[in-house]
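Asks: Since the structure of chain A is provided, determine the placement of chain B on it from the hints.
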Amino acid sequence: MSAAVTDRSAVLQQNRAPWHERALRALRTPGGAVFVLLVVLLLAAIAVNPSFGEPGSLIRFVGRTAPIAIAAIGQYFVIVSGEFDLSMGSVVTAQVFVAGNLIGQDDSRTVPVLVLMLVLGALVGLVNGLVTTLLKVPSFIVTLGTMLALLGLVLYWTGGAATGNPADSFRQIGRGGVQDVPVLEVLPYPVVLVTVIAAAAFWLMRRPYGRTLIAVGDNPRAAALTGARVWWVRTRAFMLSSLAATVAGIILVGYAGVHPSVGRGYEFTAITAVVLGGVVLGGGRGWVLSAAAGAFALETLFALLNFLGVQSTWRDTVQGVIIILAVAAGTQTWRRRRRGRTAPAQAPKHVIAAQPAPGSDQEGT
Amino acid sequence: MNAFSRLTSTHIVYLVVLLTFVAGTVLVGAAGRSFVSAGNISAVLTGTSVLGFIAIGQTLVILVGSLDLSVPYVVSLASLLSAGIMANQPGNILPGVAAALLVSAGIGLVNGLVVSGLKVHGFIATLGTGLIVSGYLATNYKGSAGQTPVAFRLVGATGIGPVPVSTLIMLACAGAVLLMLTRTRLGHHMYAVGGDIRVARMSGIQTGTPIVAAHVICSLMAGLAGLLLAARLGVGSPTIGAQGGYDLLSIAAVVLGGTLLSGGKGSLVGTLGGVLIFAMIDNIMSVMQINPFLKDVVRGIVIVVAVAVYARRRVARRATRFGHHEHVRNEQEVSA
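Top line first, the protein sequences correspond to chains A and B.
In this text, residue positions in the first sequence follow our numbering: the first is 1, and each later residue adds one.
In this text, residue positions in the second sequence follow our numbering: the first is 366, and each later residue adds one.
Looking at chain A on its own, in the form it has when it is part of the complex (with noise of 0.2 Å):
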């Protein structure tokens, strides 16, 4: 009890430090430390290769790299409350198949079939939910049913070859940009998607279904008894992951064309970027913005390696090497706090106990 008390009021106390104090202890927290990562990454990249400090190549940078950040943010949602999901990648092999097939060279359908991709991705999302909370399966379990029967799915539907080559309007929003931007040139739609879809997950996260999410993650039995409906809250996580994985493979689409290799091994890909950015597997820990933060970090160092002239083959041992030693270092970072934290609350057990005003723990004296 007196503890709680402690704690509270030191947690007040920190909340209430000038913004500097709590943003430099904020770098500290895994989630923090990412954003340190690939400020250290570009810097490396720059030195390494001058030319890439230039605005407008550092935004094609962010443009390329924002397939993936928009998938972690996605993936972050499921991650944080708790379950996985492994069918992202066969959402965006599937999507870009629709794509491929349905749109054609015909300019018209653009609209129509991209209403259509977001309807079968919420779908997707749905159907991954409902199983899971419903049906009480493990997440890991169905959504690897889903990747599997996704993606054999369209396969068979195409015979296994990817055809079509959609229309150019519809790869204009992988390609394309907006012309005659100050500075940059040319700021591309892909930037412009990833920082709308970011600043509307950073909104999300602070309104009630992103802390219920929270609150899910972390005791869905307490969250279940506080009038959370958990099922439903986690489902719509799901979807919401669907559907980055559908903008991750619209976007894609411009860039890499239709090819049924794209969006192979996305899944993990993301959950390694979320890892990165702090976010903890098991849910209820991580801030949504550190998750595209990891997947920027991940691709600046990927980046970096090319620089450097190492074989791109190495490209799976570092990042296996980075991930390791950024969640060792993120579990080692909790464990010191939770040490740390304990320490001082045993302290002042007494000075609390000498004032025994019921009720006025409330306000955290």
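I should point out that these hints are in silico values taken from the structure, not numbers from a laboratory.
Heads up, the beta-carbon is just placed ideally off N, CA and C, and yes, glycines get one too.
One or more of the hints may lead you astray.
[Said to hold, decoys possible] Calculated pairs, SDA-like style, for lysine to any residue (alpha carbon to alpha carbon, straight line, at most 20 Å): (1) LYS484(B) - LEU281(A); (2) LYS507(B) - LEU130(A); (3) LYS484(B) - VAL321(A); (4) LYS484(B) - VAL310(A); (5) LYS484(B) - ALA578(B); (6) LYS136(A) - LEU625(B); (7) LYS630(B) - GLY282(A); (8) LYS507(B) - VAL310(A); (9) LYS630(B) - VAL564(B); (10) LYS660(B) - ASP647(B); (11) LYS136(A) - VAL670(B); (12) LYS660(B) - ARG264(A); (13) LYS484(B) - GLY282(A); (14) LYS484(B) - THR29(A).
[Unchecked claim] Partner residues are not named here, just some residues of chain B that face chain A (Cβ under 10 Å, in silico): (15) ALA503; (16) SER627; (17) ILE666.
Replies: Using the frame of chain A, we list chain B on its own:
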């Protein structure tokens, strides 16, 4: 209904095995072939061996509350190392096997130490080591390499009656691991650590040992699977593991066998049932010449539906360790 609710998940797994067998007999019979012919039974059992090895190890890893996503790369690495060292010399069979198993066990040791020592989630730790090995494979091997001698290839090709030797080795490994799980201290500690690691530590268990042991055994089993694939193909291949999708399929087989993904509860016997279900469904679809892309659709649906059937069932209970040994030794009496 009451009788149904008393069944443990292991019972249901074997009911599904039976159902699949009946469906297979009918469907294959309708296609004008025999499901129970010696040749076909041998084909089904051959299909169980590779996934069986990996699923045995995966069961242990999942029981201690971890996961192993690095198995496909360990499989590829073991097949390449053994085939490379053997280089078609019968005298090199033993060094080749020993090197492959040693390296596999080493990868398992790293996995276990990262999970138990650095407290990294098993998903991330093994995804990481898997990526590290995958990068090594992609850099150093451009295609199939090495060659296994005829004497070694016989392991993958011969059988006693309709039962292939590889399946017998797999079952022998399963028996040994089952004994370890039910009769030794290490096995009991694995269940304890998977059930609740904090309670296990407070009970005086060295929680690191079971986790490391489970990961080492899992990678060893993946190494054996790699050796078997090298024996079957005659060469080592850098993509054989990833092509098989053994990481996710083995996890699916374990969960299909009734083991909880969160650890602490489950049975190896159930896992073998899960592997058998996969092998029979694959065989039925091959005999009926179903489009290979539709096979994945069927697999995906079967995994989800089967797990949904007993997701809320109780998991096979283990015999009580203390007290009325004679009465509760077998599972049926416990659940009755």
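Asks: With reference to the structure, classify each hint as holding or not holding.
Replies: Quick rundown of the hints versus the structure:
Pair hint LYS484(B) plus LEU281(A) holds up; C-alpha atoms about 12 Å apart against a cutoff of 20 Å. Under the criterion of a C-alpha separation no larger than 20 Å, the hint pairing LYS507(B) with LEU130(A) is inconsistent with the structure, at around 43 Å. Among the hinted pairs, LYS484(B) with VAL321(A) is consistent with the structure: their alpha-carbon atoms are about 15 Å apart, no more than 20 Å. The suggested pairing of LYS484(B) with VAL310(A) is violated, with an alpha-carbon distance near 30 Å, which exceeds 20 Å.
For the hint linking LYS484(B) to ALA578(B), the alpha-carbon distance of about 16 Å falls within 20 Å, and the restraint holds. Note on LYS136(A) and LEU625(B): the hinted pairing holds, with a Cα-Cα distance of about 12 Å set against a maximum of 20 Å. The straight-line distance between the Cα atoms of LYS630(B) and GLY282(A) is roughly 19 Å, inside the 20 Å bound, and the hint therefore holds. As the CA atoms of LYS507(B) and VAL310(A) are separated by approximately 17 Å, the hinted pair is consistent with the 20 Å bound.
Between the alpha carbons of LYS630(B) and VAL564(B) the distance comes to roughly 15 Å, so the proposed pair stays at or under 20 Å and holds. Restraint check for LYS660(B) and ASP647(B): the C-alpha separation of about 8 Å stays at or below 20 Å, so the hint holds. Simply put, LYS136(A) and VAL670(B) have alpha-carbon atoms about 11 Å apart, close enough for the 20 Å limit, and the pair holds. A hinted pair counts as satisfied when its Cα atoms are at most 20 Å apart, and LYS660(B) with ARG264(A) qualifies at roughly 19 Å.
Proposed proximity of LYS484(B) and GLY282(A) is supported: the alpha carbons are some 14 Å apart, at most 20 Å. Straight-line distance between C-alpha atoms of LYS484(B) and THR29(A) comes to about 17 Å, which keeps the hinted pair within the 20 Å bound. For ALA503(B), the shortest C-beta to C-beta distance to chain A is roughly 4 Å, which falls under 10 Å, so the interface hint holds. Satisfaction of the interface hint for SER627(B) is found here, the shortest Cβ-Cβ separation to chain A being roughly 8 Å, below the 10 Å cut-off.
Below 10 Å, beta-carbon pairs count as interface contacts, and ILE666(B) has one with chain A at about 6 Å; its hint therefore holds.
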